[in-house]
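Dock chain B against chain A, hints included.
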Amino acid sequence: MEKWENNKAWFLVLPVFIIVAFSAIIPLMTVVNYSLQDIWGPGQQVFVGIEWFEEMLANERLQDALWRQFLFSGLVLLIEIPLGILIALAMPKRGWGVSASLVTLAVPLLIPWNVIGTIWIIFTRPDIGLFGVTINSLGIAFDHTARPLDAWITTMLMEVWHWTPLVVLLAYAGLRAIPEAYYQAARIDGASVWATFRYIQLPKMRGVLTIAVLLRWMDSFLIYAEPFALTGGGPGNATTFLSIYLVKIATGQFDLGPAAAFSLIYFLIILLFSFIFYQALLNVGKGDK
Amino acid sequence: MGLSLKHIDRIVGGERHLKDINLNFESGSRNVLLGRTLAGKTSILRILAGLDRPTHGRITIDGKDVTGVSVRKRSIAMVYQQFINYPSLTVYNNIASPLNVSGMDDAEIDRRVRETARMLHIEPLLDRLPAELSGGQQQRTAIARALIKDTQLLLLDEPLVNLDYKLREELRVELQEIFQQREAIVVYTTTEPTEALMLGGNIVVIDEGCVLQTGPTPKVYRHPETSKVAEIFSDPPINYLRGSAEDRHARLEENIKIPLTGHLEGLPNGKYLFGLRSNHLFLSRTKEDDTEFKSTVELAEINGSETFVHIRHNGTSLVVQENGIHTRKIGSEISIFMNPCHLFVFDETGSRVASPVEDAHNHR
Numbered sequence: 001m002e003k004w005e006n007n008k009a010w011f012l013v014l015p016v017f018i019i020v021a022f023s024a025i026i027p028l029m030t031v032v033n034y035s036l037q038d039i040w041g042p043g044q045q046v047f048v049g050i051e052w053f054e055e056m057l058a059n060e061r062l063q064d065a066l067w068r069q070f071l072f073s074g075l076v077l078l079i080e081i082p083l084g085i086l087i088a089l090a091m092p093k094r095g096w097g098v099s100a101s102l103v104t105l106a107v108p109l110l111i112p113w114n115v116i117g118t119i120w121i122i123f124t125r126p127d128i129g130l131f132g133v134t135i136n137s138l139g140i141a142f143d144h145t146a147r148p149l150d151a152w153i154t155t156m157l158m159e160v161w162h163w164t165p166l167v168v169l170l171a172y173a174g175l176r177a178i179p180e181a182y183y184q185a186a187r188i189d190g191a192s193v194w195a196t197f198r199y200i201q202l203p204k205m206r207g208v209l210t211i212a213v214l215l216r217w218m219d220s221f222l223i224y225a226e227p228f229a230l231t232g233g234g235p236g237n238a239t240t241f242l243s244i245y246l247v248k249i250a251t252g253q254f255d256l257g258p259a260a261a262f263s264l265i266y267f268l269i270i271l272l273f274s275f276i277f278y279q280a281l282l283n284v285g286k287g288d289k
Numbered sequence: 290m291g292l293s294l295k296h297i298d299r300i301v302g303g304e305r306h307l308k309d310i311n312l313n314f315e316s317g318s319r320n321v322l323l324g325r326t327l328a329g330k331t332s333i334l335r336i337l338a339g340l341d342r343p344t345h346g347r348i349t350i351d352g353k354d355v356t357g358v359s360v361r362k363r364s365i366a367m368v369y370q371q372f373i374n375y376p377s378l379t380v381y382n383n384i385a386s387p388l389n390v391s392g393m394d395d396a397e398i399d400r401r402v403r404e405t406a407r408m409l410h411i412e413p414l415l416d417r418l419p420a421e422l423s424g425g426q427q428q429r430t431a432i433a434r435a436l437i438k439d440t441q442l443l444l445l446d447e448p449l450v451n452l453d454y455k456l457r458e459e460l461r462v463e464l465q466e467i468f469q470q471r472e473a474i475v476v477y478t479t480t481e482p483t484e485a486l487m488l489g490g491n492i493v494v495i496d497e498g499c500v501l502q503t504g505p506t507p508k509v510y511r512h513p514e515t516s517k518v519a520e521i522f523s524d525p526p527i528n529y530l531r532g533s534a535e536d537r538h539a540r541l542e543e544n545i546k547i548p549l550t551g552h553l554e555g556l557p558n559g560k561y562l563f564g565l566r567s568n569h570l571f572l573s574r575t576k577e578d579d580t581e582f583k584s585t586v587e588l589a590e591i592n593g594s595e596t597f598v599h600i601r602h603n604g605t606s607l608v609v610q611e612n613g614i615h616t617r618k619i620g621s622e623i624s625i626f627m628n629p630c631h632l633f634v635f636d637e638t639g640s641r642v643a644s645p646v647e648d649a650h651n652h653r
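So the sequence lines, in the order shown, correspond to chains A and B. Take the first sequence: its letter number 200 is residue 200 in the numbering used here, and every next letter is one higher. Converting from the second sequence to the numbering used here requires adding 289 to each position, the first position being numbered 1.
Next up, chain A with everything else stripped away, as it sits in the complex (with noise of 0.2 Å):
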């Protein structure tokens, strides 16, 4: 009954099977197979199973990497994202306006990533940087390379400063695309502006806030290059996130065995929580009463 014919669809997905295959699948099999394995050099190799993973997970400086980089990320969300709303709310919605605030927000985005870190250096340093004279100035103590709080404080800052913009925009163009005779039913209902924004503007933003709060969950999980630039990961361990750890490991000191092992259960993290923040939101708020 089944007939050559009937199967010619699967040349249509040859090729992007094919791009998928070596943009994707080979080089995360590669990481795969690096994982399982102990390597001293070309063609020198021994199977190992599953110790690296064993000896990463139990690895402390890991597990510290891990849990800054989940405060990181937490802290980040629950900035940005009611920031985010809160620029889009304000934003004006016709005239000049709205090209002026949509470009002046657009900036931060267009800059290359450790650009930005250099720029937040500079800005920062407590000699001849704007923001580091100024807080000296007012009697208080900021160095971003001694104090590990004042490096959190800068790298929060140079995050929230570089990415809430995507989030006012994604909510903006999600705020804009409600209908006026929603507005005009809730005014009609005698509906307070907090009612307005909780059963209108929130669950109608929904789409826009769940890619929103993906996008910024995985990236800010991922961050690397702005850190890197800005403290190095220091002082001390303070800032070392998980990619940072990550590539001290890999080129540093050329585990690519760990490495791999640490990349795979860093995917995974990653994937799990973008799962479960997918759920969540699908789901939030659905029959209030």
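Simulated from the structure, these hints should not be mistaken for lab results. Don't take every hint at face value.
With the C-beta cut set under 8 Å, the calculated list includes, among others, these residues of chain B facing chain A [unchecked claim]: (1) Arg361; (2) Met367; (3) Ile373; (4) Ser386; (5) Pro387; (6) Val390; (7) Gly392; (8) Leu588.
We treat Cβ as the ideally placed atom computed from N, Cα and C, and that holds for glycine.
Leaving out everything else, chain B in the frame of chain A:
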């Protein structure tokens, strides 16, 4: 209670949306605002609701000026063309939402929600979210939301336009019954003459921001004051034939000769615009004194259980409404019949000179 609009103008960004609108609405009256898209129907509704302030003019309720009173303090409910419900609330809570603000006790709210839901046949859907409903059910929910509160003013802005044909028919009939039980002033906008006729009550014909004619719906249909009103209040559009009257006869489109009898008797000589609704052009002789003329078929369009035959006669396009479904060969020559007793006559400025007498012929 009576609501009046007095000399209302609305100018937005230098553009005049409404021009000197004067209207009166009585309690318990059903009012249809009929006009084409962008005629100003929604602008009037928004001013009635208090969502917009008129540039000039006043709104009074029982003689009291309410022009600047905010929408929250007015007693109104509105249904929109789009299906507007709170997306995260269940149907039950959506219907209850206008009452929650009023501080009514829960048992009373529950009773009213169920009663209104029953009236609109959405009782089994109370636990669903709007996104889980069909278009018709979503609009029923929105209508229930508008009906639950006993408001002085019930505004409906083309509520059925986004529904499919069957649902529209169904809701039209139900809405008529619901409106009849209401004390409120009902104002309903539509672009469709058929819908206006079904709803009855009073009609306000609007075009380009001006009120053209008001009055009881059937009366305005039968006696449009201008050719423009007749045009807006006919679907398919009324057929116009240019012609002139000379000594007890009129000549339409040069070669159709009709006697000036009945309501046309005594028509002074001169040039006129003769109007004829598409249901008064026939493809076979219906009466002895029918006038026959030949025309070419341009298109035959089937609409429900009717066929609209588009014909061309001496360069003028006409539409003939034919009962039943028929196919016609494009370009073929056919005989058309018309009877002078159905003719509207407008002078060259578009004002009505004569309209058919209300007799048995008009009740087709």
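Here is what the structure says about each hint:
With a least beta-carbon distance of about 5 Å to chain A, the hint placing arginine 361(B) at the interface is held under the 8 Å criterion. Below 8 Å, beta-carbon pairs count as interface contacts, and methionine 367(B) has one with chain A at about 6 Å; its hint therefore holds. The restraint placing isoleucine 373(B) at the interface with chain A holds, with a minimum CB-CB distance near 5 Å, inside the 8 Å limit. Evaluation of the serine 386(B) hint against chain A yields a held restraint, the C-beta minimum of about 6 Å falling below 8 Å.
For proline 387(B), the interface hint holds, the least distance from its beta-carbon to any beta-carbon of chain A being 5 Å, beneath 8 Å. Evaluation of the valine 390(B) hint against chain A yields a held restraint, the C-beta minimum of about 5 Å falling below 8 Å. Because the closest C-beta pair between glycine 392(B) and chain A is about 11 Å apart, greater than 8 Å, the hint is violated. Below 8 Å, beta-carbon pairs count as interface contacts, and leucine 588(B) has none with chain A, the closest being about 36 Å; its hint is therefore violated.
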